[in-house]
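Residue numbers (this note's numbering), protein chains in the order written: chain A, 1 to 287; chain E, 288 to 574.
Heads up, some of the hints might be wrong.
Unchecked claim - Stretches of chain E that chain A covers, calculated by requiring three or more beta carbons in the stretch to come under 8 Å of a beta carbon on chain A: (1) 315-323; (2) 358-367; (3) 395-403; (4) 424-434; (5) 442-456.
Claimed, not checked - Here are some chain E residues pointing at chain A (derived, C-beta under 10 Å): (6) L414; (7) A461; (8) L463.
Hints are computed from structural coordinates only; laboratory data are not their basis.
Every residue gets a Cβ at the ideal spot worked out from N, C-alpha and C, and that includes glycine.
2 protein chains.
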Amino acid sequence: MIEAEIITEEHSFAERWFNVRRQGRLLVFGADPSEALLRRWGLSVDAAGIDTFIDIVLDAIPENVGVIKPQSAFFEARGWQGMRSLERLIREARAMGALVLLDAKRGDIGSTADAYGSAYLGTAAPLQVDAITVAPYLGLDALTPMIHRAAASGSAVFVVARSSNPEGRALQTATLAEGVSVENALLRDIGRMNEAYGLGTVNAVVGVHTPPLRDEVLRSSNALFLCPGFGAQGTTAVDIATAFRSLTDRVLPTASRSLLDAGPDPKALADRWATLNEELAVALASV
Amino acid sequence: MIEAEIITEEHSFAERWFNVRRQGRLLVFGADPSEALLRRWGLSVDAAGIDTFIDIVLDAIPENVGVIKPQSAFFEARGWQGMRSLERLIREARAMGALVLLDAKRGDIGSTADAYGSAYLGTAAPLQVDAITVAPYLGLDALTPMIHRAAASGSAVFVVARSSNPEGRALQTATLAEGVSVENALLRDIGRMNEAYGLGTVNAVVGVHTPPLRDEVLRSSNALFLCPGFGAQGTTAVDIATAFRSLTDRVLPTASRSLLDAGPDPKALADRWATLNEELAVALASV
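Please put together the full structure from these sequences, using the hints given.
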């Protein structure tokens with residue numbers, strides 16, 4: 001393993017990701033305490049169960065994991081106590097040096113978008129994360145207040161462009177009046193925003209579908225790509241390598257269920273992470 | 288004012304809305320404790336300020352207001368303490384007999400969509416509301432787990448179809464492979480879902496734009512319509528009447544800033560609500 005540079009928040013999210021990646025830490029750890037998972041691990045389906053889940057995850061990640069991705073829904077499902085637990089997970093994981101990418105798919109307009117930014121981005125945010133996922137149905141430009149906050153604080157947003165599920169295909173491949181598909185136009189417009197902000201302030205969630213996005217479409221975004229569903233959703237390491245080809249260094253592949261199934265023993269979780277991470281490293285290096 | 292029927296949660300959300308409407312209580316009260324609003328009301332920008340905001344709103348609404356719409360972002364911006372305050376607002380407003388429609392624009396797939404449902408819909412939900420707004424970028428069908436929970440608990444979802452802001456127009460008017468626009472297809476598909484669930488389980492957020500949606504498109508949804516931005520966003524009562532024509536009884540017009548500007552005196556807030564509500568009643572009755 002390569003010695004890490006000393007990386008602080010003075011660096012952009014993209015710089016921090018590339019540093020993590022240079023150390024071979026590719027796989028994003030999806031921290032999803034669903035009701036089914038809590039039961040499978042023998043935990044109570046309440047905030048106390050979530051807290052034990054967090055303790056286990058924090059035990060499993062320090063050796064290797066570069067990025068951890070909690071899914072907000074599973075914490076919200078436990079009410080404000082769940083949100084308090086989420087705050088703790090975010091704070092402690094970041095204190096250990098992991099980057100936290102919150103999967104929340106927030107999105108709104110004007111002062112509301114700004115409020116979401118103030119909740120999650122920047123040092124004054126009560127749930128300060130390194131990056132957050134956002135949804136663009138109200139238009140990418142409507143998210144500008146969040147994006148400004150990301151740019152000002154060295155954090156990032158990941159805009160869902162091509163989601164991993166089949167139900168999203170019809171809308172995401174619809175044709176805009178200008179003749180471009182919704183997902184391709186989003187990636188291009190993300191690229192325009194990054195001209196001002198630099199690579200990797202505005203990023204994209206890009207799931208694997210056939211046919212893959214063209215190289216020039218991916219490149220137009222000047223973005224990093226969060227690729228969900230490695231393992232349990234049926235996406236293999238080779239699928240990811242095939243989908244992103246010459247841009248695999250920009251991909252953040254995530255696993256949740258295929259990883260958490262190895263728990264609740266922290267050592268078993270860490271081992272599963274290492275196995276899946278190695279599988280990815282081999283596949284991504286081969287293209 | 289017409290005497291209210293005794294309406295319990297045995298009734299569907301649509302039945303409860305129509306009951307409120309028969310009493311002439313048209314205007315949805317947008318409870319948006321933004322940082323700017325807290326400052327304007329002389330409150331601290333923290334959870335204590337939010338709690339005072341809630342006390343004032345709860346003082347202002349009992350006489351008249353039928354539906355209250357808190358915007359989740361402004362509570363999340365205060366961290367878990369803000370979410371605890373939101374839980375209190377929801378619980379106390381519902382105990383007073385108001386319907387609570389949470390503006391959260393959540394949206395995800397599979398077990399994550401189900402977790403959002405379990406957070407906000409049904410008697411076991413820690414933040415149980417009468418209805419919640421959702422975003423469809425991942426596909427309407429991906430939201431099925433939330434919709435099932437709404438149908439099973441007499442609550443409702445409001446899918447953003449036509450948002451009130453200009454930045455959303457390009458995506459929402461894009462053309463699907465089948466030749467229909469994104470927003471029109473959503474309204475039609477909502478109607479298909481309501482064939483199973485009944486009018487008003489799956490509803491739509493429909494802002495005012497020119498040209499308005501055609502009557503048959505609105506009707507195809509078999510839905511209620513949340514219409515944002517009455518007042519401050521420039522939408523007048525006449526605009527709303529013109530946009531929804533023969534379906535004005537299905538419209539939930541919402542005001543936030545134009546209403547909250549009258550605060551922080553609860554009596555002044557209640558008076559402003561009554562004035563705006565009367566303006567709406569006159570305009571909607573005239574079409």
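Hint-by-hint comparison with the structure:
With a threshold of 8 Å between beta carbons, the proposed coverage of the region 315-323 of chain E by chain A holds, since 4 of its residues qualify and at least three are required. Counting residues of the region 358-367 of chain E whose beta carbon lies closer than 8 Å to any beta carbon of chain A gives 8, which meets the minimum of three for the stated coverage. Requiring three or more residues with a Cβ within less than 8 Å of a Cβ of chain A, the coverage given for the region 395-403 of chain E holds, as 8 such residues are present. Counting residues of the region 424-434 of chain E whose beta carbon lies closer than 8 Å to any beta carbon of chain A gives 6, which meets the minimum of three for the stated coverage.
Counting residues of the region 442-456 of chain E whose C-beta sits closer than 8 Å to any C-beta of chain A gives 8, which meets the bar of three, so the coverage hint holds. A hinted interface residue such as L414/E counts as satisfied when its beta carbon comes closer than 10 Å to some beta carbon of chain A; here the least separation is about 6 Å, so the hint holds. The criterion of a C-beta within 10 Å of any C-beta in chain A is met by A461/E, whose closest approach is roughly 4 Å, and the hint holds. At about 5 Å, the closest approach between the beta carbon of L463/E and any beta carbon in chain A falls short of 10 Å, and the interface hint on this residue holds.
Violated hints for the displayed structure: none, as all numbered hints are satisfied.
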